[in-house]
Amino acid sequence: MRHSFLDKYSGLDSPIHRLDARTKILSLFCLVVICVSTPAQAYFAFLGYFVVLAVVIAFSRVPLGYILRRSLVIIPFVLMVAVFIPFLKSDGPSGGYSLGIGGLRVSRSGLLVLWNVLAKSYVAVLSVILLSATTRFSKLLAGFEQLKIPKIFIMLAGFAYRYVFVLVDELERMKRARDSRCYGGKWLWHSKVIGQMIGTLFLRSYQRGERVYVAMVSRGFDGRAVSLGRTQFGRADYLVIAGAVTLFLFLRIVVP
0 MRHSFLDKYS GLDSPIHRLD ARTKILSLFC LVVICVSTPA QAYFAFLGYF VVLAVVIAFS
60 RVPLGYILRR SLVIIPFVLM VAVFIPFLKS DGPSGGYSLG IGGLRVSRSG LLVLWNVLAK
120 SYVAVLSVIL LSATTRFSKL LAGFEQLKIP KIFIMLAGFA YRYVFVLVDE LERMKRARDS
180 RCYGGKWLWH SKVIGQMIGT LFLRSYQRGE RVYVAMVSRG FDGRAVSLGR TQFGRADYLV
240 IAGAVTLFLF LRIVVP
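Residues in the sequence shown are numbered consecutively from 0, following numbering that gives the first Met the number 0.
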């Protein structure tokens, strides 16, 4: 299988791709923090955040459809958490809207909370997708390491990204073996076979992890991830970070 489902377009050549990984991490982190602190009534400020992200996407040359397809994955999870909020809060007899179904009403304050959750979560998701789409995963990990993120987290993320494909390949082989034995898998009583497959996959992944660890120790692994090179901040990186923070603070403080 292809091993580029996170950073599929990270090999493109654009002004955004050429920036240092730390520049993109810090800029998008500032955007998320400032966006989260923005009042829900600051509609034009949220519009400004989305416009900034749209401009960055345009400069990055990453297909807009790719960004939108990945970002829409988070919407059902956010809705499951926040969709009932308008029905739980009440603003009084004239502070809501009637749905015309048995006196069912939604409150204005609840709708404001729903909008607040959706807008801020979508900005955060777009930022993460844009970061991963414009930065190779190895460079992203190196950037986090240079920002002094604990190495244990970086190592775990690197191993998970590397070996999740191995587990998916193993699962696909098990599925082909199952299908070659004319297994339908459409009825509830077949759940026993599904459970056995999950248990087998767990045991195989555990055994593979032990073999990988023994192989790494035999090659001198001492718990530290070794980086092949370290990048340096350039003048453009400093200017981008300063400009991004200034713009985000302007949208947060000045724009209503």
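Among these hints, one or two may not hold up.
Here are the computed lysine-lysine pairs in the BS3-like style, where the Cα-Cα straight-line distance is at most 25 angstroms [claimed, not checked]:
#1 Lys7 <-> Lys138
#2 Lys150 <-> Lys138
#3 Lys174 <-> Lys150
Computed Cβ-Cβ distance ranges for the label pairs, DEER-style [to be verified]:
#4 Leu46 <-> Phe76: 22 to 28 angstroms
#5 Gly208 <-> Arg68: 31 to 37 angstroms
#6 Tyr42 <-> Val77: 14 to 20 angstroms
#7 Val80 <-> Pro38: 19 to 25 angstroms
#8 Phe232 <-> Leu71: 32 to 38 angstroms
#9 Leu63 <-> Gln206: 32 to 38 angstroms
#10 Val213 <-> Tyr42: 54 to 60 angstroms
#11 Thr199 <-> Leu71: 30 to 36 angstroms
#12 Phe76 <-> Ala241: 33 to 39 angstroms
#13 Leu238 <-> Gln195: 54 to 60 angstroms
#14 Gln40 <-> Val213: 56 to 62 angstroms
#15 Val163 <-> Arg218: 18 to 24 angstroms
Simulated from the structure, these hints should not be mistaken for laboratory data. Keep in mind it's a predicted model, so treat the numbers as computed, not measured. Even for Gly, the Cβ is constructed at its ideal location relative to N, Cα and C.
Hints versus structure:
no.: 1; hint: Lys7 <-> Lys138; in the structure: 14 angstroms, holds
no.: 2; hint: Lys150 <-> Lys138; in the structure: 14 angstroms, holds
no.: 3; hint: Lys174 <-> Lys150; in the structure: 36 angstroms, violated
no.: 4; hint: Leu46 <-> Phe76: 22 to 28 angstroms; in the structure: 24 angstroms, holds
no.: 5; hint: Gly208 <-> Arg68: 31 to 37 angstroms; in the structure: 32 angstroms, holds
no.: 6; hint: Tyr42 <-> Val77: 14 to 20 angstroms; in the structure: 18 angstroms, holds
no.: 7; hint: Val80 <-> Pro38: 19 to 25 angstroms; in the structure: 20 angstroms, holds
no.: 8; hint: Phe232 <-> Leu71: 32 to 38 angstroms; in the structure: 35 angstroms, holds
no.: 9; hint: Leu63 <-> Gln206: 32 to 38 angstroms; in the structure: 43 angstroms, violated
no.: 10; hint: Val213 <-> Tyr42: 54 to 60 angstroms; in the structure: 57 angstroms, holds
no.: 11; hint: Thr199 <-> Leu71: 30 to 36 angstroms; in the structure: 34 angstroms, holds
no.: 12; hint: Phe76 <-> Ala241: 33 to 39 angstroms; in the structure: 35 angstroms, holds
no.: 13; hint: Leu238 <-> Gln195: 54 to 60 angstroms; in the structure: 58 angstroms, holds
no.: 14; hint: Gln40 <-> Val213: 56 to 62 angstroms; in the structure: 58 angstroms, holds
no.: 15; hint: Val163 <-> Arg218: 18 to 24 angstroms; in the structure: 22 angstroms, holds
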